[in-house]
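**Student:** Spelled out, the chains give:
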Amino acid sequence: EAGVAQSPRYKIIEKRQSVAFWCNPISGHATLYWYQQILGQGPKLLIQFQNNGVVDDSQLPKDRFSAERLKGVDSTLKIQPAKLEDSAVYLCASSFTAGTGELFFGEGSRLTVL
Amino acid sequence: GIQVEQSPPDLILQEGANSTLRCNFSDSVNNLQWFHQNPWGQLINLFYIPSGTKQNGRLSATTVATERYSLLYISSSQTTDSGVYFCAVVSRSGNTGKLIFGQGTTLQVKP
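Sequences listed follow chains A and B, in order.
For reference, each letter of the first sequence is one residue, going 1 to 114 in the working numbering.
For reference, each letter of the second sequence is one residue, going 1 to 111 in the working numbering.
Please note that a few of the clues may not be correct.
Said to hold, decoys possible - Covered, in the sense of this in silico footprint (three residues per stretch, anywhere, with C-beta under 8 angstroms from a C-beta of chain B), are these stretches of chain A:
hint	stretch
1	17 to 28
2	62 to 69
3	96 to 103
4	107 to 113
To be verified - Calculated from the model, a selection of chain B residues having no Cβ within reach of chain A, i.e. all distances over 12 angstroms:
hint	residue
5	30
6	42
7	52
8	62
9	67
10	84
Hint data in this document are derived by calculation from the structure and do not stem from the laboratory.
Cβ atoms here follow ideal geometry from the backbone N, Cα and C, with glycine treated the same way.
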């Protein structure tokens with residue numbers, strides 16, 4: 001069974017530029033999550049989708065971050081304009097069900113903002 | 001919201017030693033998972049264990065849901081066990097299924 005796919009693995013940009021990350025969840029998983037992990041910390045949830053609807057985006061900095069999950073499968077996370085403090089690993093995860101389902105994570109996309 | 005505390009924050013072992021990592025949480029949970037983050041940053045699923053005991057090779061985990069803690073046991077540690085171990089939970093009182101992570105335990109196994 002294929003796991004959660006993410007791209008790109010690494011991205012270096014200048015501050016104020018934009019960047020987009022892509023995620024393809026495990027087939028059949030209705031719930032998709034984007035987490036941000038800053039060096040030395042545990043991952044923090046940015047946004048959670050159930051199919052193509054947003055369940056929780058309370059910690060998403062909406063002035064610069066946006067995310068969508070068209071057709072309830074793939075998802076993209078965009079940052080525009082990027083700030084230095086956005087340097088982090090962006091992790092995508094999926095689960096069959098929300099709440100009690102086991103989450104599986106992709107390899108992550110490491111962003112460096114200069 | 002639910003709080004997740006892991007201890008110890010750092011642990012250094014000699015190869016072959018055993019260790020116990022602890023995760024305390026402040027509310028009832030629907031889901032508890034243990035992950036190992038490898039040096040490349042990927043989170044590897046170790047256990048999905050909202051209650052009870054599970055074993056997988058040299059690793060085992062126990063969650064005592066009524067007392068709000070979970071333990072991860074690593075026996076006969078190897079250098080490849082090095083990395084950060086995270087406990088993460090979904091609060092039963094939440095309605096979104098958000099997985100909340102602890103701050104992790106950084107394990108270094110020396111040859």
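**Student:** Are at least 3 residues of the stretch 96 to 103 of chain A within less than 8 angstroms of chain B when you compare beta carbons?
**Tutor:** It holds, with 7 qualifying residues against the three required.
**Student:** Using C-beta distances, would you say chain B covers the stretch 107 to 113 of chain A, given that this needs three or more residues below 8 angstroms?
**Tutor:** holds (count 3)
**Student:** Just want to verify: residue 84/B was marked as not at the interface with chain A; is every Cβ pair farther apart than 12 angstroms?
**Tutor:** With a cut-off of 12 angstroms, residue 84/B comes too close to chain A, as the shortest Cβ separation is near 9 angstroms.
**Student:** Compute the least Cβ-Cβ separation between residue 67/B and chain A, then decide whether it is above 12 angstroms.
**Tutor:** holds (20 angstroms)
**Student:** For residue 52/B, is the shortest CB-to-CB distance to chain A above 12 angstroms, so the non-interface label stands?
**Tutor:** The claim holds: residue 52/B sits with its nearest Cβ about 14 angstroms from chain A, beyond 12 angstroms.
**Student:** Quick one: see if chain B covers the stretch 62 to 69 of chain A, three-plus residues with Cβ-Cβ under 8 angstroms.
**Tutor:** As far as the stretch 62 to 69 of chain A goes, the hint is violated, because 0 residues have Cβ atoms under 8 angstroms from chain B.
**Student:** Check, residue by residue, whether the stretch 17 to 28 of chain A contains three or more positions whose beta-carbon lies closer than 8 angstroms to a beta-carbon of chain B, and give the verdict.
**Tutor:** violated (count 0)
**Student:** Would the non-interface assignment of residue 62/B survive a Cβ cutoff of 12 angstroms against chain A?
**Tutor:** holds (18 angstroms)
**Student:** Non-interface claim for residue 42/B: all C-beta distances to chain A beyond 12 angstroms?
**Tutor:** violated (5 angstroms)
**Student:** Examine each Cβ of chain A, and state whether all of them lie more than 12 angstroms from the Cβ of residue 30/B.
**Tutor:** violated (5 angstroms)
Hint check: violations occur at hints 1, 2, 5, 6 and 10; the rest are consistent with the structure.
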